[in-house]
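Listed here are the chains, written in short residue letters.
2 protein chains.
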Amino acid sequence: NHCIICGFGRVGSQIADDFTEEQKVFIVVDENEQNIQTCLQRGYLALQGDATRDDILREAGIEHARTVLVATDNDAHNISITLSARHLKRELFIVARANRDETKVKLKLAGANRVLSPYTISGHYMANLVYEPAMVELFEAIMQAETGDLVVEEVELAPTAKIIGQTMRDAQNTLLHQGVVLVALKRDGSILSTPTQRLVITRGDSVVVIGKLAQITAFCHKHMGAAQKQVFQEE
Amino acid sequence: NHCIICGFGRVGSQIADDFTEEQKVFIVVDENEQNIQTCLQRGYLALQGDATRDDILREAGIEHARTVLVATDNDAHNISITLSARHLKRELFIVARANRDETKVKLKLAGANRVLSPYTISGHYMANLVYEPAMVELFEAIMQAETGDLVVEEVELAPTAKIIGQTMRDAQNTLLHQGVVLVALKRDGSILSTPTQRLVITRGDSVVVIGKLAQITAFCHKHMGAAQKQVFQEE
Ligand SMILES: [Ca+2]
Ligand SMILES: [Ca+2]
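Residue numbers (my numbering), protein chains in the order written: chain R, 2 to 236; chain H, 2 to 236.
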């Protein structure tokens with residue numbers, strides 16, 4: 002259940018730092034000997050080799066991995082690594098870095114679950130610093146685990162969940178009394194757009210909630226689908 | 002009260018797109034003619050020229066600007082633009098992009114209020130997709146204004162605010178009944194680290210709160226410092 006980080010450049014090394022702080026088990030794969038030395042000095046598990054190759058990914062334990070993060074600064078490599086990883090294991094969460102816009106589609110086709118561009122994210126981030134600075138503060142705080150016992154959770158609603166059939170507005174009011182803030186509604190995998198206040202929550206929807214750990218846990222046990230509950234208990 | 006975007010590369014163009022969606026007034030400054038053509042095609046206000054030069058920044062209206070976003074892919078340019086902008090106007094919010102780690106300190110010294118690296122942010126983002134995916138969803142939703150009337154606000158507490166003297170835990174419980182979630186506490190400009198539950202809120206602190214617009218507005222009017230109230234009303 003470990004993570005494999007492919008590429009130990011500026012992005013990959015930040016991922017490794019964050020994983021270390023969150024006590025996640027991971028291994029770094031990189032071709033560059035200097036990068037591998039840096040990993041070992043920091044006490045990271047590391048493997049020198051070309052992550053586009055099946056044997057290297059196998060050596061990194063891809064059969065038992067849950068997640069692969071493809072983070073090199075070379076888009077062609079990233080596409081190739083993504084293809085190899087997906088080919089070797091169907092049940093794998095792959096997050097891949099796109100340095101150019103046209104790479105995003107290719108990474109998706111190659112099998113990445115999530116694709117992100119350092120430049121797109123930074124643009125959003127810099128723009129939001131201007132017109133939504135508190136949101137950026139919140140994001141940074143939660144990214145750095147500095148918010149006490151406050152958590153954000155995405156919950157797939159059970160067919161029996163009481164908020165099904167309610168409007169977003171009504172559900173938000175109901176849940177606030179239970180100490181839970183309903184921040185977004187997901188349907189068919191994507192967040193529904195504004196205006197969502199009159200939108201009716203239906204079977205199969207997921208909700209994104211934020212609140213204190215105890216309240217969110219209570220909410221999950223009450224409203225969460227059975228399949229997800231099992232996942233929740235496994236963790 | 003407009004924004005000046007220096008550099009229309011992958012980061013700068015994303016900022017311009019976001020500003021357009023949020024109906025913010027901005028002008029792009031870039032040396033490259035092709036980039037300026039793209040701006041004009043998209044209906045953006047744009048000025049061809051070297052943003053490290055005082056006369057170009059003046060032509061972009063820096064005297065009346067509130068914010069400058071320094072977003073080129075060249076660190077030396079970014080330092081030089083930041084220096085020029087700060088030199089021309091003391092009261093200015095400057096957000097600058099650092100492509101290499103060692104540039105961060107230099108941009109701060111040059112006068113940037115906020116410095117960010119595309120690679121650091123992307124690393125955080127990819128890591129959080131693994132262990133805090135709901136937070137990333139929330140951030141994306143709020144960045145794209147898809148959360149109905151939910152807002153995040155940073156509030157400088159008035160000396161008379163009732164939650165002063167309370168622990169974070171007690172304040173969170175009090176505020177939840179008013180439909181406001183207290184997510185973080187700031188003191189001397191930085192977010193306080195965990196465990197914050199027993200921490201006592203003191204005079205001069207700021208809080209970051211999330212909730213529905215009506216509740217947050219009520220909270221602000223009750224707890225906000227006088228100086229900030231004035232700013233709030235000006236906007
Ligand atoms: Ca965290
Ligand atoms: Ca927004």
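Any given hint might turn out to be false.
Partial list, derived from the structure: chain R residues whose beta carbon lies under 7 Å from chain H [claimed, not checked]:
1) L110
2) P119
3) Y126
4) V131
5) E154
Hints listed in this document are in silico derivations from the structure and should not be mistaken for laboratory results. Keep in mind it's a predicted model, so treat the numbers as computed, not measured. Ideal placement from N, C-alpha and C gives every residue a C-beta, glycine not left out.
These are the hints, each one checked on the structure:
1. L110: violated, 19 Å
2. P119: Hint on P119/R: holds, closest Cβ of chain H at ~4 Å, below 7 Å.
3. Y126: Holds, about 6 Å.
4. V131: holds, 5 Å
5. E154: holds, 5 Å
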